[in-house]
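**Q** Using the sequences and the hints given, assemble the complete structure.
2 protein chains.
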Amino acid sequence: MGKRKSELTELEGAAMTVLRQLGACTPYQVRKAFKDSPSAEWSGSAGAVYPALRRLKAAGLLVAKPVKDARRSVLYSLSTAGADALDAWLTDVARAAGIGIDPFRTRAPLWGGLPSARAGAFKRALIRTLRAERAAIREQLAAPDAPDRDAIELCLALQETRLKWLGAKRKK
Amino acid sequence: MGKRKSELTELEGAAMTVLRQLGACTPYQVRKAFKDSPSAEWSGSAGAVYPALRRLKAAGLLVAKPVKDARRSVLYSLSTAGADALDAWLTDVARAAGIGIDPFRTRAPLWGGLPSARAGAFKRALIRTLRAERAAIREQLAAPDAPDRDAIELCLALQETRLKWLGAKRKK
DNA sequence: CCGAACATGTAACCTGTTACATGATTAC
DNA sequence: GTAATCATGTAACAGGTTACATGTTCGG
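Protein chains in written order, with the working numbering: chain A, 1 to 172; chain B, 1 to 172.
Treat the hints with caution; some may be incorrect.
The list treats identical chains as one, so a pair stands whether inside a single copy or across any two.
Stated by the list, open to error - In silico EDC-like cross-links for lysine to aspartate or glutamate, where the CA-CA straight-line distance does not exceed 16 Å:
#: 1; residue 1: K164; residue 2: E133
#: 2; residue 1: K169; residue 2: E7
#: 3; residue 1: K57; residue 2: E7
#: 4; residue 1: K35; residue 2: D150
#: 5; residue 1: K57; residue 2: D84
It is worth saying that the hints were derived from the structure and are not from the lab.
Predicted, not measured: the structure shown is a model, and the values here were computed from it.
**A** Quick look at the structure:
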């Protein structure tokens, strides 16, 4: 069965999440899921996904089922151990509550100190972009068949928090 | 002056942010700033910080001033080109509006599908942790001399958004 | 049948982490 | 003087990214 991995990376967890949601997938389908995702944190680069799935297979967390087509595709799905590992990853409180890497928050402290000529145009552009993303997210929520409704709402809430913060800051 | 770097990494930008805020710093001081930061996204590992600062120096974005102590320390500060690069990094709309890597949001879509025996205890632990962090952040805000007040408020707003989302989800 | 998009990979590179090594300073 | 801590690094490693290479399927 291969030795147990002590911990999953964020990408590995995300990939296994896709497998749980969609059932057995080829690596390409996982990549596609990453790319199509509204909240795309992962580029879904082949150089990350293919090795990651093989790694998980080697660790006994996935089972591979070869497809008999000319492309020699492989359908991966969660093994029992994989399902357990995914649950453990999902319920890792310390990591779930952690901050991650937020480009907005990394930059925010310094926006107040920008040369004012630059600051105005930048803030306008930023707000415009955030609003556009918010609109796109709302669009998705409008679809009656939207999957991951909760996740999309979370995404929306986060963008709105950013917008609200910018607004509050501006007023001061 | 060295050749121009096309783009700064998040850590490089964060390091230069520290230099702008504190003035000339040794690598160790930058590391300390990362570790002390309330919103610590970076471990401030020596293996990242020392090479990063040398990289930026080589690119002409920092100036190095040797200190005449037995430790052969070096004080780094922003060059003119470095200040420009930092401004460009700060005002990179696409990146600032991007989502980054958010462990909470990566996991959130699947919490609904957890075995219910596990889900309850996990959610309680998660809420407890988030509340503890919120309290810690409020603590910082209570200090009258708190620097980066805006940034801390943003941190607080984000944690509250998470808590609110969890609460809303629970009700449904 | 031929070009475009699909699908599977690989190799070189970059950056950050952990763990270690080493010397300087401070507290006692 | 010695132990703890401060401070500066380095080496091995890990995990992603980009760019490339290659074969397959499909639309015209």
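**Q** If a hint holds in the structure, say so; if it doesn't, say that too.
**A** Here is what the structure says about each hint:
1. Only within a single protomer do K164 and E133 lie at most 16 Å apart by alpha-carbon distance; the minimum there is 14 Å, versus 21 Å between protomers.
2. Taking identical chains as interchangeable, the C-alpha atoms of K169 and E7 are never at most 16 Å apart, the minima being 40 Å within one chain and 28 Å between chains.
3. Taking the closest pair of Cα atoms, K57 and E7 come within 16 Å of each other only inside a single copy of the chain (14 Å); across copies the shortest separation is 36 Å, beyond that limit.
4. Neither within a single protomer nor between protomers do K35 and D150 lie at most 16 Å apart by alpha-carbon distance, with minima of 19 Å and 33 Å respectively.
5. For a Cα distance limit of 16 Å, the shortest separation of K57 from D84 inside one copy, 14 Å, qualifies, whereas the shortest one across copies, 47 Å, does not.
Checked against the numbered hints above, the structure breaks hints 2 and 4 and satisfies the rest.
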